[in-house]
Amino acid sequence: MRSLNNLDLLVVGGGPAGLSGALEAARSGLSVLLVDEAVSTGGQLIKQTHKFFGNEGFFASVRGYEIADRLNEELNSFENARILTEHSVIAIYPDGVPVVDMKRDTTEVLMPKKILLASGASEKFLQFENNDLPGVYGAGAVQTLMNQFGILPGTNVLMIGSGNIGLIVSYQLMQAGAEVKAIIEASDKIGGYQVHADKVKRLGIPVNLRHTISRAIGKDSVKGAVVSELDERWRPIPGTEREFVVDTICIAVGLSPSIELAAQAGCVIEYIQELGGYVPLRNDDMRTSIPDLFVAGDVSGIEEATTAMIEGRIAGLTIVEDLTGRCDQERLNYLKETLRKFRSGPSSSKTRSGIRKLGGKVEEASFSERIECDFDSYKGKLRPIIECFEPIPCNPCETSCPVGAIRVGENINSIPTIDYSRCTGCSICATKCPGLAIFMFRENKDGTSSIGIPYEFLPLPVKGQYVSALGRNGEVICTAEVERVARSPNKTNLVYIIVPSEVAQGVRNIFVPSQEAETIVCRCEEVTVDQIRKAIKDGYKDFEELRRYLRISMGPCGGRTCRLNTLMILSRETGVPVEELAPGIFRPPSMPVSFKAIAETGVDDSEE
Amino acid sequence: MIVKSRYKVVVIGGGVIGTAVAFYLAKNGVSDVVVLEKDYLSSGSTGRCGGGIRQQWSERMNVRLAMRSVEHFKRFESEVGFDIEYFQGGYLLLAYTEEEVLLFERNTKMQQEENLDVELLSKNEASSKFSFIDMSGVRAAAYCSSDGHANPHLTTFAYARAAERMGVEILTHTSAENIITEDGRIVAVQTSKGKIETEVVVNAAGGYSHEVGAMAGVELPTESYRHQIFVTEPLEHIMDPLVISFENNFYIRQTKAGNFIMGQGDKDELPGHNVTPTWKFLREMTEKMPKFFPFLRDVRVLRHWAGLYNMSPDAQPIIDRAVDIDNFYYAIGFSGHGFMLAPAVGEAVAEWIVHGEPRSVDISNLSLNRFQEGFTIEKNVV
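As you go down the protein sequences, you meet chains A and B in turn.
No gaps in the numbering here: position 530 of the first sequence is 530 in our numbering, and each next residue is one more.
To convert a position in the second sequence, counted from 1, into our numbering, add 1000.
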């Protein structure tokens, strides 16, 4: 056992807050050790495949895992900083801080001058019958499996909780190929940002408000879930039970600060519901009641990664000042000011209230409401539609616009306005918007409109392909031809589709029929994409020929599900637009009917 | 629009007869052939038929023609290169009246002379062999185990694709609009996509044979009648033979996929091209069929449609060459049993065009001039 007595700063936890604090200290020459339990640092960032909100100085519009890469890379560039992964701080004693090497099962005792606790949060769990069945996951576990290790936890998922995590993980599950059957929310409104909610709604995921899960079904693993409606006193209403056939139940009902080390070290703890539960008392500099112990990130109150990074930097700079007697005051003030602005919007009201209870100073600031833009005066011009109606702290649309046409303004929580006379239609804003709330639009001369839809799914459709145009709730509005696909380096590609102008303002998503060879198109007769493609190549270039050759739509459904999909494949393979293809014959009866049912018809058909 | 404006042979009709003629033309060395189909392949009577293949006919020469077809069906996959779901499950003809019994006795005797494996079963023999049929009222049954059925769509596609491989052109969505003659010979066919000059035209237009004949100024004694048919959801295979009752006016068979296909004739039909299915048919069939096949009661009907029987005066095909226009052939008037004869007819017509006479089978009894004398109407049809 050896001890490191010359250590200036021990950072516990390598998430956004810990990495940021360590960076500030390392940059000023302090010796820094960062300890993390995971195999790599980055914390929750490495599981985040979505673009971050916030302000561009703090990685807004950059995807979470990329932020982790950048922070890790920067910290690794300092010789005076060291990262220990797969290590865990097990206690903070007055006479030493033991760190366990989880791989070797050995312990090292440190005597750091300062400690920054950035231990994050743990997921809240929910009590319901059978919640111990395999297949019940926390959202963090689902993200770890899926986004970090590439393992899909299940194919049909029920999401419990409509906070940002529930919404984001639902979206990511769909991206990964799972089917999210519904999002269940006990409250009467969606918890997360509206733009996140809009994203999942247009995938067709229903959000059931005032509902809760009462039971998981299954013996050895989850086979389903029973969901009930809640009355005004949050009690399940008998008779409203509904069953979902799912193999995965994902719980995203919030986080609790991981304060164990802080509390054990002797920090004053308070229960502040708005901040997620028990939190250490701390001041604006993120100093706890123990002067050498600082906190930052979710451990100091559940918020999100951008504020965690700012808090980490504030703590880091304060520690530098403590140990060296000076620090970049201008920068420190700027960070505090940014944090204040960030929290001044309506979406941070809970955080503000919690921080006030801690004795901190945070004010609500005025932000600009939506200003009607002169969209209709620029018909025929390719231009963005910004569907961002909720004041949230985010401004990449403003900072990415090369001509300054989009303005969020002084308060980052304000709603963007656009000056269409300056807009050049470059579409950068649409690829940058973390909420995927910006769509490109142009009225064409032939009565159609082109819509550019931010699309983060694979496979990408190709020019000329037919897709289904979906509405804001994922409902099919019409079929649409892909006009072009604008690939973006940040992977938010824009798929431009052509739709009739009358329906264009209702179209906000696309469904790309799978072109995977083995995918079944006709479920009744089990005909695959590959069989259809091969048949088309063999000369069957008419829906009816394909039907007669492959038995497509000869099953009980009569082609309800496969006719259009077959026509879309036919269109794609032959280059003939769907509307120019013959749709084939529609034969009675429209649903299978038994001999008995017809023979016993009550009407006397001898009368004319 | 058309790649080529001249073909040696123009076949009008992309059903099983037209594509079979094209296939055998190419096999006999003439591949400069175009098949004109106004809609898509098998869109007419072929694609709407029951798919039965029977040899039990009342006229000796028709038995021979049908037996020649079965020879082809048996080796179809190796000859044409396509699995057409051909299945020799037999044909079971149920006799309910004394008149039918006498007719079946006479027919089976003649058919046996032609070496057809047909037998007359007593009611008990039939009952024990086919227990899924309610044999109430049955007096006897004629059964031929080498009869069977196949998938008409696949058969048409098989001929078409094989013909294409040998150089034949198949133009779907292309209709013949006029046949141009000069000095008693056809010189060209006007199509919806342009004019095609040609030396030979084959009328294989099924339900529209009369109209196509008229284009060349030839009056053909055919007219079309709607016949309805429906298909059920698939069940496990239980029914080998196609079962017919002339007296009770039905036929039924089970497809390879397990669906039951069945239909009946309607004496009240008027000639025309109406192929709209009717409730009356569905109602009558669903009432009638479970009496004979009780298991059908709970089976569900999936699709219901109608096609045309192109009827000739004696309910037998007309395969001939026009007397006045000697480069105009027709294979028409199949009266509801063209699919089963397609291989032998396609072969015979092709031989006639290429070699000047049909070689494989005698079809002289199917000439048009038979109607100038007395003729017997085939009664064994539904």
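Don't read these hints as lab results, they were simulated from the structure.
Remember, predicted model here, so these are calculated numbers, not experimental data.
Certain hints may be false.
Listed next, the in silico PhoX-like pairs over lysine-lysine satisfying Cα-Cα at most 25 Å (straight line) [claimed, not checked]:
#	chain 1	residue 1	chain 2	residue 2
1	B	K1004	A	K537
2	B	K1123	B	K1074
3	A	K379	A	K361
4	A	K596	B	K1280
5	A	K381	A	K445
6	B	K1129	A	K534
7	B	K1379	A	K537
8	A	K124	A	K336
9	A	K463	A	K537
10	B	K1267	B	K1280
11	A	K181	A	K219
12	A	K596	B	K1291
13	B	K1123	B	K1379
14	B	K1256	B	K1129
15	B	K1004	B	K1195
16	A	K541	B	K1129
17	B	K1038	B	K1004
18	B	K1288	B	K1379
19	A	K534	A	K463
20	A	K445	A	K463
21	B	K1109	B	K1379
22	A	K541	A	K463
23	B	K1027	B	K1129
24	B	K1193	B	K1008
25	A	K596	B	K1288
26	A	K124	A	K189
27	B	K1008	B	K1195
28	B	K1379	A	K541
29	B	K1038	A	K541
30	A	K463	A	K379
31	B	K1291	B	K1379
32	A	K113	A	K124
33	A	K445	A	K537
34	A	K537	B	K1038
35	A	K541	B	K1123
36	A	K537	B	K1074
Okay, the calculated beta carbon distance ranges per label pair [to be verified]:
#	chain 1	residue 1	chain 2	residue 2	range
37	B	K1123	A	E516	53 to 61 Å
38	B	R1060	A	E516	52 to 60 Å
39	B	K1074	A	V503	37 to 45 Å
40	A	R533	B	E1199	36 to 44 Å
The beta carbon of each residue, even a glycine, is placed where N, CA and C say it ideally should be.
Handout entry: Numbers of the earlier hints that this structure fails to satisfy, in rising order
Key = Numbers 2, 3, 6, 7, 8, 16, 23, 28, 32, 33, 35, 36 and 39, in rising order.
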